[in-house]
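Student: Line order of the protein sequences matches chains A and B. FYI, the numbering for the first sequence is 512 to 794, going by our numbering. FYI, the numbering for the second sequence is 8 to 261, going by our numbering.
Since the hints were made in silico from the structure, they are not lab data. A portion of the hints provided could be inaccurate.
If you want the ones that stay clear, here's a sample from chain B, every Cβ over 10 Å from chain A, calculated [what the hints assert, rightly or not]:
no.: 1; residue: 64
no.: 2; residue: 77
no.: 3; residue: 87
no.: 4; residue: 97
no.: 5; residue: 136
Have a look at the derived ranges for each label pair, beta carbon to beta carbon [what the hints assert, rightly or not]:
no.: 6; chain 1: B; residue 1: 28; chain 2: A; residue 2: 638; range: 31 to 39 Å
no.: 7; chain 1: A; residue 1: 621; chain 2: B; residue 2: 179; range: 48 to 56 Å
no.: 8; chain 1: A; residue 1: 648; chain 2: B; residue 2: 77; range: 53 to 61 Å
no.: 9; chain 1: A; residue 1: 786; chain 2: B; residue 2: 139; range: 44 to 52 Å
A virtual CB, placed ideally from N, CA and C, is assigned to each residue, including glycine.
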Amino acid sequence: MTDPSKTAESSGPAGTPLRRAGLSPRKKQRISRIVQYVLLVAVVVFLLARIEWGSLAANFAKPEVAAETWPEVFTVALKNTIIYSVGGFVFAFLLGLLFALMRLSSVAPYRWIAIAYIEIFRGLPALLIFLLILFLPLALPGFEVPGGTYGQGILGLTVVGSAYMAETLRAGLQAVPRGQTEAARSLGMSHARSMITIVIPQAVRIVIPPTTNQFVSLLKDSSLVLFLGVTGDYVELTKFGNDLASTHANATPILVVGVTYLLVTIPLGYLASRLEKRQGKGR
Amino acid sequence: MATPVTHAVEIRNLHKHFGKLEVLRGIDFAVDPGQVVCVIGPSGSGKSTLLRCVNLLERPTSGRVILEGVELTDPDVDIDAARRRVGMVFQQFNLFPHMTVLQNVMISQRRVLKRNRAEAERIARENLEKVGVATKCDVYPGQLSGGQQQRVAIARALAMNPALMLFDEPTSALDPELVGDVLAVMRKLAEEGMTMLVVTHEMAFARDVADRVVFMDGGVIVEDGPAAQVIGAPEHERTRGFLRRVLDPTHTGE
C-alpha cells in the first residue's frame, strides 16, 4: 500500500495487478462529470419548453410598470429602508453594548437582566416584535414612541438587533486578551477607563465583520415595517413594491425592489468577507 | 527593623492561593530605592505571582504589600493612584494594538496624569528616544519586532515617572538575537538609579546588574543576597541545583 510506485494507479489492496478490469479513477471522474452536464442540460431544456416566457415577462418584468417605480424606488423607498435599518442598527449597537457590559458585570442582577433580555428577544420572531410595538399604545395608554412612524420602525429593529448584537459584542469583549486590561490597569487607569480606552475599541474592531452581516440582516428585517401600517412618505422598499404591485396587478415592482435590496446587500456581504480576511491577516 | 518609609516596596508574610494551590507561602522582603533586585527560580516557583502581587494585579490571599509607606493591601487604598507609581513590563509586551507607538506612550499620560498633548508628546518622544525606537513613533505595534515592542513597553511605563519598575520575564518571549537590545535598555535604567524588581532567566544580567538576587522555589524565598553570592557561591543545595540546570543545560544529569 505504501509503495509510492503503486499508489497513483492502484485502487485495490496491495497485491492486485495495476492493470485491472475496472475503470480507473480518472475515467470514473470523467463519466461522473458527463452525467452532471447531461442532467443540467435536460433541466434547462425542460424549463425552456414548459415555461410561458411571455406571461412570465409580462408579470415580472414589464418595462412600463418598472418605469412607474422610478424615481420613488430610490428617493422614497430605499431612503426609508436605509433610515429604518441604519437607525435600528445604531440603537441596537448601543443597546447591545450596554447589555454585553451588563452580561459581564460583577453585579449579579445586571447579569440576570441581560441574560433574560437576550434570551427573550433572541428567541422571538421579528414579526412578533413588530406586532407588539403596534399594540404598545393600547397597553400603555398615552404612550407614544418618539419619532412617530420612523421611531416605531427603528424601535422594532433595535429590539430585534440588540439581543444578537449583545452576544456578538460580549464575544468581542472576551476576545480582547487579558493582558490588555492588565497593561492598562498597571498604568494607573481605572477599570472604567481601561474599558473605554483600551478594551471596547479593540472589541468593536473584532466584531466589525459579524456586525456587518447583522446590518444586512436588519436591512432585510426592515421589510417588517410593512406591518406597522406605514403610508405615504414612510414606506420602505417592501411596502412600496407590494403597494405598486397591487395597484398594477403585476409583480414587476416586487422584482425591482428585490434588485434594489441586492444592490445594497451584495456589496455589504463582500465588504464583510473582505474585512474578515483582513482581520485574519492582521494582529 | 528599618523605618518603613526607607523601602521602595516592602512585602510582609505574603500568601497567595489559587484555589487549593498555594503559590506563595509567606514571602518577606523589601526593595530599597535605587536597588535592582532580580528574582530567579524554576517555573512554577511563584516569582511572577510575587511580582504581580506588588502592584496588585493579583490580590494576595493574606499578607501586606507596602509601597513607599502606603499599604496597597488596605482595602480602601486608591489602587489606581498607587499603580501610577509602579511601572510594569510584561513578558508578552501587551502594547495596545489599536494605537500607534506614540499613542501607546501618550495615552495614560493624557488620561491618567491629565498632561496636555504637547507635554505628553514631548515626554513620550524623550522616552522612545531613550529606548532607541524614536524613529518608530507613527507605526503600529504589529509592525515592530518583539524587541522593539518590548522597548516601547518600557518607554510607556517610564513615561508615567514611576518610582519602581517591575519586569516580568521581559526577554522570555523574544528571539535570542533581540534579547540584548532589551537588556541594554534595562541596564541603562539601572545605571540611572531606577528601582527595579526583575523576574528573569537571564543569569548574566542578574549577575552583572543586580544589587541583590532572590532565589525562589516552591513559593518561598530560598536565598536572598548579593548577586555574586547567590549566583557565584550559593549556600543552598536547591539554588545550586537550579543554577546547574540553567547555566549548563546540556549536562542535566543529577
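Student: Work down the list of hints and note, for each, if the structure agrees.
Tutor: Verification of the supplied hints:
1. 64: Violated, because the least Cβ-Cβ distance between residue 64/B and chain A comes to about 5 Å, which does not exceed 10 Å.
2. 77: Holds: least Cβ distance 14 Å, greater than 10 Å.
3. 87: violated (5 Å)
4. 97: Not fine: 6 Å to the nearest Cβ puts residue 97/B too close to chain A.
5. 136: Correct as stated: the minimum Cβ-Cβ distance to chain A is 20 Å, above 10 Å.
6. 28/B - 638/A: 31 to 39 Å: violated (53 Å)
7. 621/A - 179/B: 48 to 56 Å: violated (38 Å)
8. 648/A - 77/B: 53 to 61 Å: holds (59 Å)
9. 786/A - 139/B: 44 to 52 Å: About 35 Å separates the Cβ atoms of residue 786/A and residue 139/B, which means 44 to 52 Å is violated.
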